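Chain by chain, the residues run as shown.
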Amino acid sequence: MTSGLLAALDAQTIVDATGLGAVYALMAVGIGLVFGVLRLVNFAYGQLVMVGAYTLAFTAAWPVAASIAACFVVVVALSMVMERAVFRPLRGESPAVMLVTTFAIAFVLQAAALLVDIRDDTIGEIATSIASFNQPVTLGGLEVRKITIASVVAAAVALGLLALLLTRTTAGLHMRAAAADFGTARLLGVNANRVIGLAVFLSGILAAAVAVILTVQNPFVGPDFALRETIVVLVGVVVGGIDRLWTATLGGFAIGFATGVINGVLPTDKSVYLPSLVFALVILVLLLRPGGLFAWGRQTAVERM
Amino acid sequence: MKRSLETAGQVLVPAALVVAVGIGSTLVSSANEIYFLDALVSVAIVVALYVFIGNSGVLSFGQISFVAVGAFAAGVMTIPLDSKTGVLPQLFPILRDHTIGNIASLLLAAAVGGLFAFLVGLPLMRLSGLAAGIATFAVLEITHNVLREWTRIGPGATTLALVPETTQALQATVGALVAIAVAFAYQRSRFGRMLRATREDAAAARGVGVSVHRERVLAFTVSGALAGFAGGLLVHELGSITTEQVYLELTFLTLAMLVVGGASSLWGAVLGALTVSGLSSFLAEAEQGVDIGATLDLPSGTRLIILGSIMALVLIVRPSGLTGGREFRLRR
Chain A
4 MTSGLLAALD AQTIVDATGL GAVYALMAVG IGLVFGVLRL VNFAYGQLVM
54 VGAYTLAFTA AWPVAASIAA CFVVVVALSM VMERAVFRPL RGESPAVMLV
104 TTFAIAFVLQ AAALLVDIRD DTIGEIATSI ASFNQPVTLG GLEVRKITIA
154 SVVAAAVALG LLALLLTRTT AGLHMRAAAA DFGTARLLGV NANRVIGLAV
204 FLSGILAAAV AVILTVQNPF VGPDFALRET IVVLVGVVVG GIDRLWTATL
254 GGFAIGFATG VINGVLPTDK SVYLPSLVFA LVILVLLLRP GGLFAWGRQT
304 AVERM
Chain B
266 MKRSLETAGQ VLVPAALVVA VGIGSTLVSS ANEIYFLDAL VSVAIVVALY
316 VFIGNSGVLS FGQISFVAVG AFAAGVMTIP LDSKTGVLPQ LFPILRDHTI
366 GNIASLLLAA AVGGLFAFLV GLPLMRLSGL AAGIATFAVL EITHNVLREW
416 TRIGPGATTL ALVPETTQAL QATVGALVAI AVAFAYQRSR FGRMLRATRE
466 DAAAARGVGV SVHRERVLAF TVSGALAGFA GGLLVHELGS ITTEQVYLEL
516 TFLTLAMLVV GGASSLWGAV LGALTVSGLS SFLAEAEQGV DIGATLDLPS
566 GTRLIILGSI MALVLIVRPS GLTGGREFRL RR
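From first to last, the protein sequence lines stand for chains A and B.
Sequential numbering of the first sequence, starting at 4, is according to my numbering.
Sequential numbering of the second sequence, starting at 266, is according to my numbering.
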């Protein structure tokens, strides 16, 4: 049995799982950045990605670069609007209230997308222009889709730039200070609105990048686009340890990678139970390490509703 | 005397509101009756959520799992025998060859929901905060996945149909009242008070000898039993059900009802459920065109946009909910 499992765990599975993990890691950073400064779990993050995907679909006739640029502009703008209209009035409220409010926002955006979408009497739009990036190339006997390479590279570059920003710039220092203790940081002269604005701006850019990657992988865009991914990433972020950006990111990558590997290893007739296995693993990890899988040697933050 | 009157008002006013909705359902056309029944079943579900979430202060996304197992237990066991072997041939023989009555099926739903919640709660109630939220969400995912795929215990991904539609005005009203009565009795009991103490200050409650884990498991079990019971009401209201109907959307909607009403009071749970489902029903009608002095005719699909916007607005303007998380009081 064990040898059978190991045989199934071939290089192809690893490559696919890494690609999935990279996309999830990008989303995890976007969610983790906002959580760091606002203590807000943004459930509507997936709807940012969804709006980006619709932008790509509706601008499919444009040149690819213009279409992608439009996606970034729209998503970042929506992200900033969300911060101003929803997150700002909610600052300091209990996590439950903030989370449920973002549910409501997600509801609204999804319903709005449906309304825009069904004007042509069919649900779903197809983003044709960028689908060509989905073609596979063969690398050393492995089928690797171009977008898998692109997402791994994008994740590495984005994380690298973010690391530089956070550790080498004043804005990054402010953001880390705000994430550690917002009250004290403000006393010491950190401008709250600017720090939060930057975090929301960056998380919007990441959402747009994820929108491009996911749309290439699945050009059929519907109102529930990226919903499933968001839920899984939120779970991964908490499992990894939401208190810190790095543990949250690793958590996002880990749940993507684990899903990919279990999916590759599981016999086909049992693969319908993939979600059960993944979530049973989630429960196990949470019970053993409630503060986060990667949160070594730290006391878990006390949280109260 | 005055104090006991206040206390009685805390449970009698929500109950009276529920009875009024129940009576209302018999006065309207049969096409509109479904909205009233929906509202009453929502009250039962949201009150079940409240028993755990409101009293413990721990967010759970998993209570709809217990609604789901209750609904499928009650549904599968009340399908008439002569049709059951035909529509659900793969069931375990014990499920396939027996059938039970309406009331028995509701009790079964409560028992199954309570037992499942107890077993899940034993390990999970050691968690707090976001970890508890995500772990209970994982329970919802696993429950949904298993119910959807395992055809020996239910219909799998197909629709469970032919369930007797016994949740009419009377059963819906009495069901919602039972949920309210149990929730009220629990929160007034010493167990409820101990749990509420842990919500306010876990360390201080531990200091006076309250076991946070034990009290949470108890509330989780009571909440699970009520949720299972509410699932039984739901399946008997609809007559047919799929696993998708007791999954994410219902979880978010009922949680929103609870938080919009005010999560830390029974009055908030009841008012939130009735307000949000009333609004939702009104908007659904308005999409068909409704006469309120002038004719209001919304384009179809706007219901969720308006409903979501209003919920977000309530939470932004009044984060502690419509009731401010307080029980009903005559005077401020």
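Keep in mind that the hints were calculated from the coordinates and are not lab data.
Here the structure is a predicted model, which is why all the values come from computation and not from measurement.
Each hint should be verified, as a subset may be incorrect.
Listing some non-contacts, in silico: residues in chain A with all C-beta distances to chain B over 12 angstroms [what the hints assert, rightly or not]: (1) A69; (2) P98; (3) A159; (4) G200; (5) D227; (6) L237; (7) G244; (8) K273; (9) V281.
Pairwise CB distance ranges, derived in the manner of DEER restraints [what the hints assert, rightly or not]: (10) A:Q15 to B:A446: 54 to 60 angstroms; (11) B:T567 to A:V76: 47 to 53 angstroms; (12) B:N367 to A:I152: 32 to 38 angstroms; (13) A:S135 to B:Q433: 39 to 45 angstroms; (14) A:V275 to B:H478: 53 to 59 angstroms; (15) A:V119 to B:V473: 54 to 60 angstroms; (16) A:T271 to B:F357: 20 to 26 angstroms; (17) B:R471 to A:L190: 28 to 34 angstroms; (18) A:R231 to B:N367: 42 to 48 angstroms; (19) B:Q553 to A:R231: 27 to 33 angstroms; (20) A:R94 to B:R417: 48 to 54 angstroms; (21) A:L118 to B:V293: 46 to 52 angstroms; (22) A:V160 to B:E465: 46 to 52 angstroms.
The C-beta atom is built at its ideal place from N, Cα and C for all residues, glycine as well.
Comparing the hints with the structure gives:
no., hint, result
1, A69, "holds, 29 angstroms"
2, P98, "violated, 7 angstroms"
3, A159, "holds, 27 angstroms"
4, G200, "holds, 19 angstroms"
5, D227, "violated, 10 angstroms"
6, L237, "violated, 7 angstroms"
7, G244, "violated, 10 angstroms"
8, K273, "violated, 10 angstroms"
9, V281, "violated, 8 angstroms"
10, A:Q15 to B:A446: 54 to 60 angstroms, "holds, 59 angstroms"
11, B:T567 to A:V76: 47 to 53 angstroms, "violated, 27 angstroms"
12, B:N367 to A:I152: 32 to 38 angstroms, "violated, 60 angstroms"
13, A:S135 to B:Q433: 39 to 45 angstroms, "violated, 58 angstroms"
14, A:V275 to B:H478: 53 to 59 angstroms, "violated, 34 angstroms"
15, A:V119 to B:V473: 54 to 60 angstroms, "holds, 56 angstroms"
16, A:T271 to B:F357: 20 to 26 angstroms, "holds, 25 angstroms"
17, B:R471 to A:L190: 28 to 34 angstroms, "holds, 32 angstroms"
18, A:R231 to B:N367: 42 to 48 angstroms, "violated, 37 angstroms"
19, B:Q553 to A:R231: 27 to 33 angstroms, "holds, 32 angstroms"
20, A:R94 to B:R417: 48 to 54 angstroms, "holds, 50 angstroms"
21, A:L118 to B:V293: 46 to 52 angstroms, "violated, 29 angstroms"
22, A:V160 to B:E465: 46 to 52 angstroms, "holds, 47 angstroms"
Of the hints listed earlier, those the structure fails to meet are numbers 2, 5, 6, 7, 8, 9, 11, 12, 13, 14, 18 and 21, in rising order.
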